[in-house]
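Those letters in the sequence shown? Residues 1 to 564, per our numbering, in order.
By construction, these hints were calculated from the structure, which means they are not laboratory data. Note that the structure is predicted; figures quoted are calculated from it, not measured. In this text, a Cβ means the ideal position worked out from N, Cα and C, and glycines have one as well. A couple of the hints might just be wrong.
Said to hold, decoys possible - Within a straight-line C-alpha distance of at most 20 Å, the following computed EDC-like cross-link-like pairs (lysine to aspartate or glutamate) qualify: (1) K267 to E257; (2) K361 to D161; (3) K361 to E83; (4) K267 to D208; (5) K361 to E42; (6) K366 to D139; (7) K267 to E446; (8) K366 to D122; (9) K366 to E152; (10) K267 to E42; (11) K366 to D440; (12) K267 to E505; (13) K361 to E257; (14) K366 to D271; (15) K366 to D355; (16) K267 to D98; (17) K361 to E446; (18) K353 to D365; (19) K366 to E141; (20) K267 to D355; (21) K353 to E74; (22) K353 to E257; (23) K366 to D506; (24) K366 to D295; (25) K267 to D506; (26) K366 to E540; (27) K353 to E97.
To be verified - Quick list of simulated restraints, FRET-style, between CB atoms: (28) A155 to P86: 23 to 29 Å; (29) I120 to S255: 24 to 30 Å; (30) D428 to A156: 45 to 51 Å; (31) I157 to R225: 44 to 50 Å; (32) N381 to P425: 42 to 48 Å; (33) L138 to S299: 40 to 46 Å.
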Amino acid sequence: MRALGRVLVPVLAGLFATLGCFDRDLTDIVPVTTTGVTIRVEQVGVIRVDIVVLVDNSGSMSQEQAALTQRFPELIRELIDPEINPETGRPFHPPVEDLNIGVISSDMGTAGYRVSTCAISDVGDNGCFRSTPSPAVLDCEATYPAFLSRNETNAAIYDADTMAHDFTCIATLGTQGCGFEQQFKAMRAATTTDPETGICNRGFLRPDALLALVWVTDEEDCSVRPDHNEMFDPSRDDLGHLNIRCFTHSEFVESVEDYVNAFRALKGPLDQDKIVLGMIVGVPPEAPACIGTGDRLESCLGVPAMTAAIDPTDPTSLIPSCNTSMGQAFPPRRFVQMAQSFGSSAIVDSICKTDWTAAIKGITDKLVERLPSTCFPRALNFDAAACTADCKVIETLNNDRLCEADATCTNCPEATVDEVHNLAPCTDAGGNPCEPLKRDLGLIEESEGVFLRQCLVRQATRVPDADGCGLPVSGGEGWYYQPREESAEGCPQVIFGSEGGSLIEDGSTAELRCLAELCPQDRLCGPAADPSAMCCPENEVCVSTGMCDCVHPPRGVDGVCPEA
1 MRALGRVLVP VLAGLFATLG CFDRDLTDIV PVTTTGVTIR VEQVGVIRVD
51 IVVLVDNSGS MSQEQAALTQ RFPELIRELI DPEINPETGR PFHPPVEDLN
101 IGVISSDMGT AGYRVSTCAI SDVGDNGCFR STPSPAVLDC EATYPAFLSR
151 NETNAAIYDA DTMAHDFTCI ATLGTQGCGF EQQFKAMRAA TTTDPETGIC
201 NRGFLRPDAL LALVWVTDEE DCSVRPDHNE MFDPSRDDLG HLNIRCFTHS
251 EFVESVEDYV NAFRALKGPL DQDKIVLGMI VGVPPEAPAC IGTGDRLESC
301 LGVPAMTAAI DPTDPTSLIP SCNTSMGQAF PPRRFVQMAQ SFGSSAIVDS
351 ICKTDWTAAI KGITDKLVER LPSTCFPRAL NFDAAACTAD CKVIETLNND
401 RLCEADATCT NCPEATVDEV HNLAPCTDAG GNPCEPLKRD LGLIEESEGV
451 FLRQCLVRQA TRVPDADGCG LPVSGGEGWY YQPREESAEG CPQVIFGSEG
501 GSLIEDGSTA ELRCLAELCP QDRLCGPAAD PSAMCCPENE VCVSTGMCDC
551 VHPPRGVDGV CPEA
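Based on the sequences and whatever the hints tell you, model everything.
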């Protein structure tokens, strides 16, 4: 991408890959050849990711902690230093430039009751980040901050390998934790109560970061309701053995729905795609119905091994859902229900596997999938002679304030978002047609009684030059489109240009409304019913979902396919 000089600051627009099908509510659709599509876009600045890893530190977790610390560093390395695509010479995905990682335990205490496996009987670790280095790991620092952080202030001296080793030091928690595992409650405390009160974990979560919540546990969640602390009372023989109370008295346990709502509330309604859940839990490793994303686990709870039942040979224990050289684990039905609620945003794998490569890669791939992509899945309709794309950028402010005024273009007829492709022109003080940087499109009702202002953002004026289309003309703030052949990344891109600041205001959202050509069937690289599916460029064909290659390989030295 060519720089805009000292006047305009270019910022790439990111398309979030999990948006699914585009809205098709535009009225000016030309049948057969074009369709109306809406794409949510964001200005891509520093890419931030926050990861909370819950490590079960109860007595049965020694081998599992070793497996985690052996493979999780691969996730860290891939995020920070992504693999290079040999065809393009560029990373497969943008590197994460600002990464926070915090480790918590499953120990939330026993409400003050003395239980033999729970050393801190009141609130346990209470969801606070664990940062004490393990004596079992060599070459650890003497002390660590509450959470690991790599950003622009320390990236030059804190590489991926060092961060990965530090994770091993703080994630090897040992096995002295409480046998009452309250995994959901610990995660909720870590991400809600603790940061807000400043007790611990303060400064970890960033509103603009992709958030990953990861659980590593061989037990079912037993997050006890605060009004049923008798669950922990060892003197209550009428409640049965402590080891099976979470099963026999499930009415004492908080609902999964409560935690679904709590974790969804960590991001706004328009940012739910920025939450990823990873679960390495006790699903049977030989059951494909229980491994994968939450939207594909519909039959998992019907798998026989996932039925929770008391072991007839040991009435103080449940029947394991899996039992391998890694140890035993028990049916994680609540985790599967949580994953089902989050659909494709959650991924589940088995803690009983001897090799965790696939489990960690699954979480890594899900995170990478959710990173903002500066490449659009298909080319936009682009008039090379006029250097304009047949699209409109709509900014939705976070309240009902007016769109920022443009003193050079003040007289605009009333307009709405449904009219953006057929607007009456604005005029300046002299009556000449003009286009303000942001034009008022009125209010929309986000929820009952809550109204948000929408603004049409100007497409910057450019003129053709020897290389295609030049930079925006002097003072030409706004957004513009770069076709694949003009982009330094070798893909279609949208760029926001503003004078020193952000074109899209903080707290606002933006969407790109386009009249796009339908992709020819022989170049469609995804479901035919999904207009967001990748469309292969001319002279390329789909080789697998989301991947195109030349009709007549190999590519030229410039990376372009030869003509047929």
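Here is how each hint holds up against the structure:
no., hint, verdict
1, K267 to E257, "holds, 16 Å"
2, K361 to D161, "holds, 17 Å"
3, K361 to E83, "holds, 13 Å"
4, K267 to D208, "holds, 9 Å"
5, K361 to E42, "violated, 27 Å"
6, K366 to D139, "violated, 31 Å"
7, K267 to E446, "holds, 16 Å"
8, K366 to D122, "violated, 36 Å"
9, K366 to E152, "violated, 24 Å"
10, K267 to E42, "holds, 15 Å"
11, K366 to D440, "violated, 38 Å"
12, K267 to E505, "holds, 18 Å"
13, K361 to E257, "violated, 28 Å"
14, K366 to D271, "holds, 16 Å"
15, K366 to D355, "holds, 19 Å"
16, K267 to D98, "holds, 18 Å"
17, K361 to E446, "violated, 37 Å"
18, K353 to D365, "holds, 19 Å"
19, K366 to E141, "violated, 31 Å"
20, K267 to D355, "violated, 33 Å"
21, K353 to E74, "holds, 17 Å"
22, K353 to E257, "violated, 29 Å"
23, K366 to D506, "violated, 26 Å"
24, K366 to D295, "holds, 13 Å"
25, K267 to D506, "holds, 15 Å"
26, K366 to E540, "violated, 27 Å"
27, K353 to E97, "violated, 32 Å"
28, A155 to P86: 23 to 29 Å, "holds, 25 Å"
29, I120 to S255: 24 to 30 Å, "holds, 26 Å"
30, D428 to A156: 45 to 51 Å, "holds, 49 Å"
31, I157 to R225: 44 to 50 Å, "holds, 47 Å"
32, N381 to P425: 42 to 48 Å, "violated, 21 Å"
33, L138 to S299: 40 to 46 Å, "holds, 45 Å"
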